[in-house]
Amino acid sequence: MRDFCLDHVAEVRSAVIYEKPQSLVKCEYVWKRTDEWINFPWSVLPVVRKSGVPITPSREAL
Numbered sequence: 006m007r008d009f010c011l012d013h014v015a016e017v018r019s020a021v022i023y024e025k026p027q028s029l030v031k032c033e034y035v036w037k038r039t040d041e042w043i044n045f046p047w048s049v050l051p052v053v054r055k056s057g058v059p060i061t062p063s064r065e066a067l
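Using our numbering, the first residue of the sequence shown is number 6, and each one after it goes up by one.
Don't read these hints as lab results, they were simulated from the structure. Mixed in with the good hints, there may be bad ones.
Now the in silico label distances, taken between C-beta atoms and shown as ranges [unchecked claim]:
{"no.": "1", "residue 1": "Pro51", "residue 2": "Gln27", "range": "16 to 26 Å"}
{"no.": "2", "residue 1": "Lys25", "residue 2": "Val49", "range": "30 to 40 Å"}
{"no.": "3", "residue 1": "Pro26", "residue 2": "Pro46", "range": "30 to 40 Å"}
{"no.": "4", "residue 1": "Ala20", "residue 2": "Glu41", "range": "11 to 21 Å"}
{"no.": "5", "residue 1": "Arg38", "residue 2": "Met6", "range": "17 to 27 Å"}
{"no.": "6", "residue 1": "Trp47", "residue 2": "Arg7", "range": "21 to 31 Å"}
All residues carry an ideal CB built from backbone N, CA and C; glycine is no exception.
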């Protein structure tokens with residue numbers, strides 16, 4: 006996203022709520038850094054366990 010934006014503006018800055026040390030993207034504005042698993046209230050789908058398998062939300066979870 007940063008590279009796309011740089012083609013259109015002079016400067017790009019990014020902000021996140023949480024940043025993990027292993028993240029490849031380093032943001033300028035970070036509220037908190039953590040190694041812990043983060044469970045956001047809006048995360049209704051289960052964790053993806055197998056690569057390449059599409060996620061289909063069940064109607065009961067919604």
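Legend entry - Hint check against the structure, violated hint numbers in rising order: Numbers 2 and 3, in rising order.
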